[in-house]
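The sequence shown maps to residues 39 to 624 in my numbering.
There's no promise every hint is true.
As the list claims (entries may be wrong) - Okay, derived cross-link-like pairs now, EDC-like style, lysine to aspartate or glutamate, Cα gap no bigger than 20 Å in a straight line:
hint, residue 1, residue 2
1, Lys548, Asp596
2, Lys494, Glu327
3, Lys308, Asp355
4, Lys539, Glu617
5, Lys548, Asp603
6, Lys238, Asp355
7, Lys246, Glu327
8, Lys460, Asp520
As the list claims (entries may be wrong) - Cβ-Cβ distance ranges computed for the label pairs, FRET-style:
hint, residue 1, residue 2, range
9, Gly245, Pro513, 55 to 63 Å
10, Asn265, Thr313, 40 to 48 Å
11, Gln306, Arg333, 19 to 27 Å
12, Asn601, Arg450, 52 to 60 Å
13, Gly301, Asp74, 33 to 41 Å
14, Asp520, Ala160, 30 to 38 Å
15, Glu617, Gly98, 35 to 43 Å
16, Glu483, Asp100, 43 to 51 Å
17, Asn243, Asp355, 18 to 26 Å
Treat the hints as calculated values from the structure; they're not laboratory data. Computed from a predicted model, the values in this text were never measured in an experiment. For each residue, glycine too, the CB sits at the ideal point set by N, CA and C.
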Amino acid sequence: MPTIRAFLLFVMVLCNMTASAQSLQPPKLDNPLHLDPAPSGTFAEIRTNHFHSGIDLRIGGDDGVGTPVYAPADGYVSRLRISAYDGGKMLYINHAGNITTVYLHLDGYHGAIAAYVRRLQAAGQCYALDTIVEEGQLPIKRGQLIAYAGNSGMSGGPHLHYEVRNTRTQQSLNPLNYGLTLVDVQPPAIKGIRLLPADKKSRINSGKVPYQVDLSQMSGRLGTAVNPITVLGRFYIGVYASDQSEGSTQNNGYERIDIWVDGRPFFQYKMDVITYSNTRAINAQLDYEHYLATRRPYILTRRLEGDPVRPARTFGDGSVGFIATDTSLHRITVSVSDFNGNRTTRSFYVRNSLETLVPMHEIPEHPSYHLFSDSITIRWPFSISRGDYQIDMPAGMVYYNDLMLHGIQNDRRYISPIYTVKPWCSPYPPHRTWQLRVPLVIGYEPEQLVICSLKKDKLSPLPTRVIERKVEGKPGRWLEADVRVFGNFVVANDVTPPSLKPLNFKPGGKVSARVLRMKMTDDLSGVREYRCFINGEWVLAEFDGKYSLLTIDLNQVDSSATNLDLRLFLTDCCGNESELSYQLRR
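Required output: the full structure, derived from the provided sequences and hints.
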């Protein structure tokens, strides 16, 4: 009997271990489109100021708008979000296994989801929404039609942006690890390799500037030792590459970069998880100044101390160097791989220069006379409180220790001084949002003032509010803005209300179209809210921010009503209001 009990106990433990192991396996998700996957963008692809957090699936251009989207597994709708910008019409579904799938740029929702959204919009008399849905309200079954792919929000063209996330952390994961497969037999393309001097003492082929490696001289994966590149001091390596799969564009992202020096692993770049709060760290991976000038994203071996993501594994600070007495050839091998294991490899040779490395004493350039400078570090918050402006930055704002330049200068073109806040050395934009506070401008209504970034005489409004705050023990009212850039800032006065221009109808005329189309714009602070009524009843008006396009579907209105009294109420972010009225016939 003891033997039998022991055997049964062993079987139960084994079953539990098997079940636990299965529960740890990533759940298999079906393709949300009943089309062969053809990506126009891949996971962790390099985008301006962010990693691409999902995969973009083609739907066939404008003709594909309205393509059905199906649930990849059982679950429930956990969040619904609609914006005129960003991801447009968005849908979040929670599944078993701590997995959430997310769908962006939708043309619309289907069935019970569409009805639920419409009720929320009608209750708030607002197109935009962001609501958490409780489990059980909108259950979903695998294969269920849930939505239609489209081009809403800041989409660059019709497609489905599809994400897989960790439900608990909301970190983005690679959908190709969760059942989505691509037909891909083509290896990535290495489009460029650059060598960058690590400091002002270093030289590459006797030059002080970055050196472009001639890829045409690389015969095969082992390269050629003829005419090696000469180096003096230490240098970084930059790699520019792209990939293509069946039916996709030629400029998709790849999975990883590997670099070997003399056959030994030196560097590996691979992004498996994306955290939204650190997505701007993409800039720390790039040869950023070259990217700004050319839009070619070279991944650098350089490691910045303040980079919170560090998807690359490398030695030291990521620079390559050899001892001064070393006269041998050194082979550097660069390999780029895609998710299906296709790989492209190129090699080139370097050797120490016969020049002498001369120590240099670098004399720093002094900041402009009208600016103050204070040290900012990667680990500590940065704060400045003066009578004419205040700055608050959280820790982790910059990628290496620097000086932060700040100050003001008068300019008669603006109603306020020009406020300057920028790092001395770093070319990178801020990693996080920071706050700038400036005094109210005397003679202007506080609510109509907006802080703007100023670049090449162009004003870009920032989210601005009026706050009460003590400075040097004295209470006062200030303007405060949330800022995502460095540079120059001014205060502007917005007294002009939003405007509207009918595109397919004339006031007093007959309407033949099913959908009314209008261009809605604001000259500075932007439209904050709008409401539309026909014959006294609220109607849903959809706003597409990328086109400034406002549309009203007349199917919402009783078909027996031939005379339409259209009224619109528009408000911008400074409280300026417009009330417009159009009498129409159909």
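Do the hints match the structure? See the list:
A hinted pair counts as satisfied when its Cα atoms are at most 20 Å apart, and Lys548 with Asp596 qualifies at roughly 16 Å. A distance of roughly 18 Å separates the Cα atoms of Lys494 and Glu327; the hinted pair therefore holds under the 20 Å criterion. Between Lys308 and Asp355, the direct Cα distance comes to roughly 17 Å. Compliance with the 20 Å bound is thereby established for this hinted pair. For the given pair, Lys539 sits about 13 Å from Glu617 by alpha-carbon distance, which is consistent with the 20 Å threshold.
Restraint check for Lys548 and Asp603: satisfied, since their Cα atoms lie roughly 12 Å apart, inside the 20 Å limit. A C-alpha spacing of about 16 Å is found between Lys238 and Asp355, which places the hinted pair at or below 20 Å, so the restraint holds. Between Lys246 and Glu327 the alpha-carbon distance is near 16 Å, which keeps this suggested pair within the 20 Å criterion. Restraint check: the Cα-Cα separation between Lys460 and Asp520 comes to about 15 Å, which is no more than 20 Å; the hinted pair holds.
Checked against the given bound of 55 to 63 Å, the beta carbons of Gly245 and Pro513, roughly 58 Å apart, stay inside it. The hinted window of 40 to 48 Å between Asn265 and Thr313 holds, with their beta carbons roughly 44 Å apart. Look at Gln306 against Arg333: about 25 Å separates their beta carbons, and that is inside 19 to 27 Å. The hinted range of 52 to 60 Å is satisfied by Asn601 and Arg450, whose Cβ atoms lie roughly 53 Å apart.
At about 40 Å, the beta-carbon gap between Gly301 and Asp74 stays in the expected band of 33 to 41 Å. Between Asp520 and Ala160 the beta carbons are some 31 Å apart, a value that agrees with the proposed interval 30 to 38 Å. Look at Glu617 against Gly98: about 42 Å separates their beta carbons, and that is inside 35 to 43 Å. For the pair Glu483 and Asp100, the beta carbons lie near 45 Å from each other, so the given range of 43 to 51 Å is met.
The hint said 18 to 26 Å for the Cβ distance between Asn243 and Asp355, and at roughly 22 Å that hint holds.
Violated hints: none; the structure is consistent with every hint.
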